[in-house]
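Given the sequences, and given the hints that come with them, work out the whole structure.
Protein chains in written order, with our numbering: chain S, 7 to 307; chain U, 306 to 733.
Since the hints were derived computationally from the structure, they do not count as laboratory data.
Treat the hints with care, since some could be wrong.
Stated by the list, open to error - Anything over 10 Å on all C-beta distances counts as not near chain U; from chain S, calculated:
| no. | residue |
| --- | --- |
| 1 | 16 |
| 2 | 18 |
| 3 | 93 |
| 4 | 199 |
| 5 | 267 |
Unchecked claim - Cβ pair distances, simulated, as ranges:
| no. | chain 1 | residue 1 | chain 2 | residue 2 | range |
| --- | --- | --- | --- | --- | --- |
| 6 | S | 101 | U | 710 | 44 to 52 Å |
| 7 | S | 207 | U | 405 | 26 to 34 Å |
| 8 | U | 618 | S | 266 | 34 to 42 Å |
| 9 | U | 435 | S | 278 | 32 to 40 Å |
| 10 | U | 461 | S | 199 | 29 to 37 Å |
Claimed, not checked - Derived, one-sided and incomplete: chain U residues facing chain S with beta-carbon distance under 8 Å:
| no. | residue |
| --- | --- |
| 11 | 502 |
| 12 | 503 |
| 13 | 600 |
| 14 | 627 |
Here a beta-carbon is modelled for each residue, glycine too, at the ideal position from N, C-alpha and C.
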Amino acid sequence: MKHLLDFQGWTRAEVESLLDTARVMAEVLERPVKRVPALQGFTVATVFFEPSTRTRLSFELAARRMSADVVSFAAATSSLQKGESYKDTLLTLEAMGVDAYVIRADAAGVPHQATRWVRGAVINGGDGRRAHPTQALLDAYTLLEALGGLEGRKIAIVGDILHSRVARSNAELLPLLGAEVWGAGPPALLPQSLPGVRLTPRLDEALAEADAVMVLRLQKERMEAGLVNLEDYIAHYQVTEARLKKAKPEAPLLHPGPMNRDVELEGTLADSARSLVNRQVHNGVAVRMAVLYHLLVGRER
Amino acid sequence: MGDILIKNVMLVDALGERGPVDVLIGEGRILSLEGGEAQRVIEGKGRFLAPGFLDLHAHLREPGQEVKEDLATGLRAAVRGGYTDLVSMPNTNPPVDTPEAVRALRKKAQALGLARLYPAAALTQGQEGKTLTEAGLLKEAGAPLLTDDGRTNEDAGVLAAGLLGAAAFGLPVAVHAEDASLRRGGVMNDGPLADLLGLPGNPPEAEAARVARDLEVLRYALRRAQARPHLHVQHLSTRRALELVREAKRAGLPVTAEATPHHLTLTEEALRSFDPLFKVAPPLRTGEDVEALIEGLLDGTLDAIATDHAPHTQAEKEMDLLRAPFGIPSLEVAFPLLYTELYRKRGFPLKRLVELFTDGPRKVLGLPPLHLEVGAEASLVLLDPKERPVDPKAFASKARFSPWAGWVLEGWPVLTLVEGRIVHEALE
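This is how it looks when you write it as structure tokens:
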């Protein structure tokens, strides 16, 4: 594995190996001194062409906990429109001796494009609607922790599937681990098709006997574009205590954040014992440590 | 005594293939097909000679966007591609919407002495889709057609009035047929692949819906006009829109249509690379659409292959897929590409292929056919069957990149003549 762009072409064994490493990293994070020298001498750059605080912090913490040097580049989308180029930014970092690039962009494909320009490892930190592979890995890790295994388990993803990179990455990853993935949302927010996912506009169908439920963020711009009416969405697609009765008892809830309380998810549920949201954030660091380790050290073995 | 003698060369034009013959050229004409004395003798053995190509659709970017292309680089690219005649699109900065602007472009192009330029003029002032330009004066200045290409004609009433106005002067109105409100921000063909890649889709229905509307507008103009209007549909890309044009032609509507080299040789699968090089409007479609277009070339639904040569800077094409501009440069590869992919690989009739580069587009503009006969104008292209890979770094165009880089093609133009004058030479 040279880059982590998405899970196209990945095998179950590769995913499991990565998750095994993440478990080792999680143990490191339980120690009083949460730092190992594994990436000493390596430099990791977080290159965020689209702002995102939590993903960037998680990656930077992951890199530092393995003793890598971290540099951070944050550009507002507007500066790109002024003519600043992705390529020049990345070549500048390359000239400074960066070994791995965590790239976030609002357009699908920017991390793929970056692999044509830099020699270092590229990690997709979220690109447009396309992919958010470390989010899916931390989701899988959290689900495995909660459910024990994913073979034959029904995972329901609810909300704006069409515009969601989290949904796309989970659609690629979870079936590799044996899960049956369902996607539910209003027709205007569903793709025509998505390999690995059974799509339905009927929320009850997706929730029925689900082993876990992943709720997606509903973005304001979808309402503004006239794709969905907020009241209608809340009335028919909000994940509530009552609707969750269709799912398996105690089926855990995941959300990639940031959350719109009482829009896509009933506020009280977010604070309930079923919510794994904080666990997801916690596991994110270990998973990202594993990804950095596999890309920077693993590939030289 | 002629100027040039091309010996032992096969001839191919819309009438068919014949030869080998010895073609004597002088006084800007074909003097003889049976040889004769000439100042220069060129060996044509294994090569074939065709009438010079006419491109109905190229963006040469002058005035205003010379960083992408200018008349000199664009027209040099044209002659290297075997084109002796070329229609430039008016979506420049400012748009070409006055007789003065048309005359200025023609004058400058004439001074360059490369391919002959026919500057298309805007259908509406500033290409804003509101107020019509002066069709008659533009025609007299040398505009071959009117179009708001680069933009879509959202106002059907303006298009109808434009067709009526142009009809009086025998000018075609060319349309970029996409419903902008249905297309929205689409950057690739809408469908399962766009869903998978997470890219906003431009549905094939956006093209079909607009072609259907424009054909109804044409029906209206035909009924109302005392002269015959002419609608030309640019860069058809979908099976469904092609079927609509086929039906309209059967019903006798005065409509013509073109297809581009990229829509005939590439599909949406290219977008898996996330390379904005493949971002074009209308978008690359599916294999099924490509097959339908090739059928349309054969049965006459499509009248011409037109490049839609759309140069941009390398840096612009290295932006992301949402921000990079639409367009593919192709003047220098169009003929060898289709010669190789259609004729050599699929057995598409060579005579028809050459017609789609010559008499087909000539007829769209109302020009007489050009055949390789004694007395014919010596605007010619000599084509070489030798294989050579596409090397964008060697392009004359400022856009030195290509979706076909590295493709090994045959049928490269090695000599281009405009009225007997050599404008491109790459003989070994």
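Hint check:
no., hint, verdict
1, 16, "15 Å, holds"
2, 18, "20 Å, holds"
3, 93, "5 Å, violated"
4, 199, "5 Å, violated"
5, 267, "27 Å, holds"
6, S:101 / U:710: 44 to 52 Å, "27 Å, violated"
7, S:207 / U:405: 26 to 34 Å, "58 Å, violated"
8, U:618 / S:266: 34 to 42 Å, "41 Å, holds"
9, U:435 / S:278: 32 to 40 Å, "58 Å, violated"
10, U:461 / S:199: 29 to 37 Å, "34 Å, holds"
11, 502, "6 Å, holds"
12, 503, "3 Å, holds"
13, 600, "26 Å, violated"
14, 627, "4 Å, holds"
When held up to the earlier numbered hints, the structure conflicts with 3, 4, 6, 7, 9 and 13 and fits the remainder.
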